[in-house]
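The listed protein sequences correspond, in order, to chains A and B.
Using this note's numbering, the letters of the first sequence correspond one by one to residues 2 to 325.
Using this note's numbering, the letters of the second sequence correspond one by one to residues 2 to 325.
Just so you know, the hints here were simulated from the structure itself, not pulled from any lab data.
No experiment lies behind these values; they were computed from the predicted model shown.
Hints are all accurate, no fakes.
For each label pair, taking beta carbons as the anchor points, the in silico distance ranges come out as:
1) Asn-95(B) / Thr-21(A): 51 to 59 Å
2) Pro-97(A) / Arg-216(B): 55 to 63 Å
3) Asp-211(B) / Leu-183(A): 29 to 37 Å
4) Ser-36(A) / Glu-87(B): 45 to 53 Å
5) Arg-216(B) / Leu-183(A): 38 to 46 Å
6) Ala-91(A) / Leu-35(B): 49 to 57 Å
7) Pro-48(B) / Lys-203(A): 57 to 65 Å
A virtual CB, placed ideally from N, CA and C, is assigned to each residue, including glycine.
Number of protein chains: 2
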Amino acid sequence: MLANIQGNDDTFLALDIGGTYVKSGLITRRGEILSFHSFPTSEGQSPTHLLELIIGRLKDLRSEAGSKRAPKALGIGAPGWIKPKEGVLALAPNIPGWKDLPITRLMSQALKIPAVLENDANLYGLGEWLAGAGRGHENLIVLTLGTGVGGGLILEGRLWSGSFASAAEIGHIPLGGERQRLCGCGRLGCLETVASTNGMRKIAIERVRDGEPTRYRGDLDLLDTSVMVELAQEGDPLSTRIFAEAGEAIGWVLAGVFNLLGLEAAVIGGGGAGAFDFILPSLKKVLSHHMVTATFDEIRVVKGALGGNAPLVGAAALLNNHGF
Amino acid sequence: MLANIQGNDDTFLALDIGGTYVKSGLITRRGEILSFHSFPTSEGQSPTHLLELIIGRLKDLRSEAGSKRAPKALGIGAPGWIKPKEGVLALAPNIPGWKDLPITRLMSQALKIPAVLENDANLYGLGEWLAGAGRGHENLIVLTLGTGVGGGLILEGRLWSGSFASAAEIGHIPLGGERQRLCGCGRLGCLETVASTNGMRKIAIERVRDGEPTRYRGDLDLLDTSVMVELAQEGDPLSTRIFAEAGEAIGWVLAGVFNLLGLEAAVIGGGGAGAFDFILPSLKKVLSHHMVTATFDEIRVVKGALGGNAPLVGAAALLNNHGF
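Assemble the whole structure, with the sequences as input and the hints as a guide.
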């Protein structure tokens, strides 16, 4: 009975709509994943069909929960431009046909439980904070090195969204002078041009084409950051250098973030975190040089612990915060 | 009676200890300055003498208030390294002999009212937020272009101090590539090397010595940003360019801050704000290019309204926040 009062037996549904995979899970209030589904986003043959597939999976998960642990609410993570308060997915560039989609209303109607929408980078951050590498910190930032660089900012144990209900857009913090590359967003010099998996891959391909020394002998189309991590482990100079440069850029942006906000920790997640060991030394060097509010010893820069499931875990924190 | 319940008749004492001047005031809860004193910090012939002078001025102000409007608390702003919770001024580089000074305890004992200590840049920010150019905004940053560049960050209508009880150290956010100048803090490329009044003055003097064209014909020791503003108004290319470069650097740092936090406004105060009209165009250009979370039209970048009295006004907000 006590456990029930504390809500430890409560379950939630969690949904993470990515451009590549749609993940869904049955989770506890503490972020434990009880059951998990995943399918390629491309299986949705039309915008409506994709919605139907998602609802089907969520209903399956609800059935698994049984009536005793029926999920109380649904937490949804989505990329692109979202309006969390309205529950509307305004624009998801990687999901064709989804525009101004009132996703929380549609899901609530289908599942008969309340739904809350949040930016996927924010959910990722909440996940690492609740049950991952950021656990126990009140003030921290979580970076996701993926196709882009996302950010989730936790201030005083709550997700920070600012005046425009946005994610912490750390991927588009502009870098200085020499490093100006064109970003997918149309701007020059955004952090993600050099620190996202896509950015690092592009730089590697360019440099191989320019004849820079590397151990890589394969098809350039297959060169990505996972391959680069393997190469770096074998001492490949090209991969090692690109990771070090990414580390410098991240360290340099994080210095500004730490100086501004006096955070305790930064968590590096996303696929690019596979290169964490190669990124950290230069990151640490630049960050420790430029920090004012604390020394490097007083803060933590750590690798994310939850991987791709972080947004599902974060859904629990989101729903907790919303009072469910 | 109603006014009394609402606390509109309450008064506070405010103290702003600068390296050049010590200012003190009798203020209302709303930040109106009822009475004001100022004397050169150098009048204090020893650390103890300076304290005695300050206490004397504050007692004078308390007498002026009379028993009917006796001040309820004292708000203290100080530069350097402070410990707000302990009420200790750990290190004030511009005030010789003041080290690990338990200033709130000393003031409380002398004046028989509670005292609260805060970083002067934070108080400046609180002042502009309460009764100045930042009024009505919930999420904003206030920059002070002075000897250094200070920052006060207001999030959800409260001063943000982070995990290390620090100010928003925007002056030490590192700039990129080409602009790397050595900062007084020993680091390379801090914003304040190009955007503080001291930084801009130094750059001007260097460039005059290097033979860059300018209308200035006076003694180089007398060249400062006030003179540069007059020169710029007459079309002086050197001063105009240095202000434009400062604007670029500020715009570029603010882009990161706005992208990270989704703020509504930035207020530019301090002595360097005299050059606001010459700084704004390039600031706006760079900022609007790099903003992601909102457009330039949705946010405001405005000149501070309170000038050097902002910290005294901010003491009212500080004491309100502390429940006095």
